[in-house]
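Participant: Given these sequences and hints, build the entire structure.
Residue numbers (this note's numbering), protein chains in the order written: chain A, 177 to 517; chain B, 177 to 517.
No lab work stands behind these hints: they were computed from the structure.
Yeah, the Cβ is synthetic: ideal placement off N, Cα and C, and Gly gets one too.
Heads up, some of the hints might be wrong.
Unchecked claim - Partial selection, computed: residues in chain A whose CB lies under 8 Å from chain B: (1) I386; (2) Y395; (3) V429; (4) V467; (5) R473; (6) L483.
What the hints assert, rightly or not - Listed next, the in silico PhoX-like pairs over lysine-lysine satisfying Cα-Cα at most 20 Å (straight line): (7) A/K217 <-> A/K206; (8) A/K481 <-> B/K380; (9) B/K240 <-> B/K291; (10) B/K240 <-> B/K276; (11) B/K481 <-> B/K493; (12) A/K399 <-> B/K481; (13) B/K195 <-> B/K217; (14) B/K511 <-> B/K493; (15) A/K493 <-> B/K432; (16) A/K187 <-> A/K291; (17) B/K276 <-> B/K291; (18) B/K311 <-> B/K355; (19) A/K432 <-> B/K432; (20) A/K493 <-> B/K399; (21) B/K481 <-> A/K380; (22) B/K493 <-> A/K432; (23) B/K493 <-> A/K399; (24) B/K399 <-> A/K481; (25) B/K502 <-> B/K310; (26) B/K249 <-> B/K291; (27) A/K249 <-> A/K277; (28) B/K260 <-> B/K276; (29) B/K259 <-> B/K249; (30) A/K240 <-> A/K187.
2 protein chains.
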Amino acid sequence: MLPTIEWDRDKVIMIDQRKLPEEEVYVECKDYSQVAEAIEKMVIRGAPAVGVAAAFGVALGMMKIGEEEKRDKEFYLIYRRLKKTRPTARNLFWALERMKKIFEENRNLDIFRLKERLIQEALAIEREDIEKNKKIGFLGKQLIKDGDSILTHCNAGALATAGYGTALGVIRAAVEEGKRIQVYADETRPFLQGARLTCWELDKENIPVILITDNMAGYLMQKGMISLVITGADRIVRNGDTANKIGTYTVAVLAKENGLPFYVAAPLATIDFNLGQGNQILIEERDPQEVKEVGGRCITLPHVKALNPAFDVTPAKYISAIITEKGIARPPFEKSLTKLM
Amino acid sequence: MLPTIEWDRDKVIMIDQRKLPEEEVYVECKDYSQVAEAIEKMVIRGAPAVGVAAAFGVALGMMKIGEEEKRDKEFYLIYRRLKKTRPTARNLFWALERMKKIFEENRNLDIFRLKERLIQEALAIEREDIEKNKKIGFLGKQLIKDGDSILTHCNAGALATAGYGTALGVIRAAVEEGKRIQVYADETRPFLQGARLTCWELDKENIPVILITDNMAGYLMQKGMISLVITGADRIVRNGDTANKIGTYTVAVLAKENGLPFYVAAPLATIDFNLGQGNQILIEERDPQEVKEVGGRCITLPHVKALNPAFDVTPAKYISAIITEKGIARPPFEKSLTKLM
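Facilitator: Shown next, in the form of structure tokens:
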């Protein structure tokens, strides 16, 4: 299992995903504000992984408070800081709500027992995430045939979760039962999660992967080289509209145009039943510099303007199925997702 | 006017498009094989510019032959070398055929007059290319409204032609008559022609340009931020199917899905009436290393496989109109293009 994030009692350790695959280095966060910065700067990314990091951040922050400090004040300070790190991924808020519930149910306990309770909850979120991914893989692999060529966008692998992965979890599970799979990985500009993380992960497990630029996916589909598409998700709303890494919408449109299935793999924690439609999802706008640079090198004139929306929304009509740990939802999603929740 | 390529009697000078916008350096080709290499290595690129370069290459090659050399043998050697530089862009073959015709009509002339005839033809190809682009601009600008936001892919500007540009020529002409235009430039991986060349060209003329990654175009269309799309073309066949830089097909599909016009701007020299359908167009596969590297830096594990198709084919059904120097062709293209030819 790849080490995405680890709880180490007085610190949280993460592999620095900005530096992969060139360097495998680890970042140690010694307090919750370092965890918050690691999320913001994408040391760790991927909706489920960000959820686990936030839970660890809360536990770490509360670990460090003294007996005499106002636990309520401290908790909400930590909670609010972590909450504002990134706006789009549902799992961040879901994990923070779980931690808040535990805090509020146990706020009057002895401080040591309260801390222990929060740590246990964060560790449960981590453990359950891996279990859910394995269930997603187990259920999802039935959608994959021996010999399939699968396109994936961004990284929805072990690195995007506590381990095993969602979209890549489905691929792993299919490979584990002996299916021969060829993966095509969109490089996924600007952060290059596909080139850097998906290729690295799959290569470690000898799952055949071929890298393409994002604008080649359509060509491959046209040529009949792709059997299906699987991606992860950052937030899925009631009607099935799905926010995921920028470019996912494009891949979904291309899949539909070429008659290919487009699958989303995500735990139920990614589903936001408070929102009815995708256009209600807040899309994070990141620093345009991330678009203008690759590996620290400017690829255009330094003063040229750029946009950097980090996600887009794929309308439900382009999605063939949503693979969750409780079952595979098919359209109409409002009905099928309600049943699973 | 930007200096894409220049004839200088005993050499051909080109701006090195691999180095823009960081450095404005010029490459001097002293014989035809250096011109051929410059085309292969993309010192110069863009279908019309490659056509002009090939014509100059022939003229330069023939300039250097001595009185006693076998002019036929030399000519066909030069012709064949240049012909195999790149397979997809029609203009390369079109320009070489023009040069061959002039050679064959004048092969028995005094060698000095033959050389002069070839140089004059190459210079005519260059001059006419600029004139055609201005006509394309003049005709195409009627499709642009004041306040439009235009998405373009790759670079179909002055740098892709002898000057003025095809797709960017239409934008230039619209701006010249006072229309306020916002251009969005796809960065266009792997070679980054959008980020490096289109932004540089438009910035020089103060035409507002915003850079995006290729996978953001769909998001912008969804948000209503794009009015229309214009691209150039490398080869257009009888039914209107159009080969252009990899990713063009994707942009065209997205435009159709979002109800936006998708225009192709190209001289008639780009049209190949010998081919009936786009699937007959030979698509160049370039070195996968171009995908795995940005600015010389590897973005994935060094041993990961990659694909690098340099072009894709946009089926005619996605194309709203083809803007040529003789008029604007509308579907069905077989009929409208025949009329223009």
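Participant: Does each hint hold? Answer for all of them.
Facilitator: Against the structure, the hints come out as follows:
1. For A/I386, the interface hint holds, the least distance from its beta-carbon to any beta-carbon of chain B being 5 Å, beneath 8 Å.
2. Given hint, A/Y395 at the interface with chain B, holds; its Cβ is 4 Å from that chain's nearest Cβ, closer than 8 Å.
3. Taken as an interface hint, A/V429 checks out: its beta carbon lies about 5 Å from the nearest beta carbon of chain B, inside 8 Å.
4. Annotation: interface hint on A/V467 holds; nearest CB of chain B at approximately 6 Å, less than 8 Å.
5. Of the supplied interface hints, the one on A/R473 holds, with its beta-carbon coming within about 5 Å of a beta-carbon of chain B, less than 8 Å.
6. Because the smallest distance between the Cβ of A/L483 and any Cβ of chain B comes to about 5 Å, under 8 Å, the interface hint for this residue holds.
7. For the hint pairing A/K217 with A/K206, the CA-to-CA distance comes to about 16 Å; that is within 20 Å, so the pair holds.
8. With a C-alpha separation of about 14 Å, the suggested pairing of A/K481 with B/K380 holds against the 20 Å cut-off.
9. For the proposed pair B/K240 and B/K291, the alpha carbon gap of about 9 Å is at most 20 Å, so the pair holds.
10. With a C-alpha separation of about 17 Å, the suggested pair B/K240 and B/K276 falls inside the 20 Å cut-off, and the hint holds.
11. Proximity of B/K481 to B/K493 is assessed by CA-CA distance (about 33 Å); at most 20 Å being required, the pair is judged violated.
12. For a cut-off of 20 Å, the pair hint linking A/K399 to B/K481 stands: about 18 Å separates their Cα positions.
13. For the proposed pair B/K195 and B/K217, the alpha carbon gap of about 12 Å is at most 20 Å, so the pair holds.
14. Using a Cα cut-off of 20 Å, the hinted pair B/K511 and B/K493 holds, with the two alpha carbons roughly 14 Å apart.
15. Distance hint between A/K493 and B/K432 is fulfilled; the C-alpha atoms sit about 16 Å from each other, no more than 20 Å.
16. Pair hint A/K187 plus A/K291 holds up; C-alpha atoms about 14 Å apart against a cutoff of 20 Å.
17. Using a Cα cut-off of 20 Å, the hinted pair B/K276 and B/K291 holds, with the two alpha carbons roughly 13 Å apart.
18. Only pairs whose Cα atoms come within 20 Å are accepted, and B/K311 paired with B/K355 is accepted, the gap being roughly 18 Å.
19. Distance check on the hinted pair: A/K432 and B/K432 sit about 13 Å apart at the alpha-carbon level, within 20 Å; holds.
20. Taking the CA atoms of A/K493 and B/K399, the gap is near 17 Å; set against the 20 Å cutoff, the hint holds.
21. Between B/K481 and A/K380, the direct Cα distance comes to roughly 14 Å. Compliance with the 20 Å bound is thereby established for this hinted pair.
22. For the hint linking B/K493 to A/K432, the alpha-carbon distance of about 16 Å falls within 20 Å, and the restraint holds.
23. For the proposed pair B/K493 and A/K399, the alpha carbon gap of about 17 Å is at most 20 Å, so the pair holds.
24. Our distance criterion of 20 Å between C-alpha atoms is met by B/K399 and A/K481, whose separation comes to about 18 Å.
25. A C-alpha spacing of about 11 Å is found between B/K502 and B/K310, which places the hinted pair at or below 20 Å, so the restraint holds.
26. For the proposed pair B/K249 and B/K291, the alpha carbon gap of about 15 Å is at most 20 Å, so the pair holds.
27. In summary, the hint linking A/K249 to A/K277 is supported, as the alpha carbons are separated by about 15 Å, within the 20 Å threshold.
28. About 15 Å separates the Cα atoms of B/K260 and B/K276, which keeps this hinted pair within 20 Å; it holds.
29. Simply put, B/K259 and B/K249 have alpha-carbon atoms about 15 Å apart, close enough for the 20 Å limit, and the pair holds.
30. For the suggested pair A/K240 and A/K187, the alpha carbons sit about 10 Å apart, so the restraint of at most 20 Å is met.
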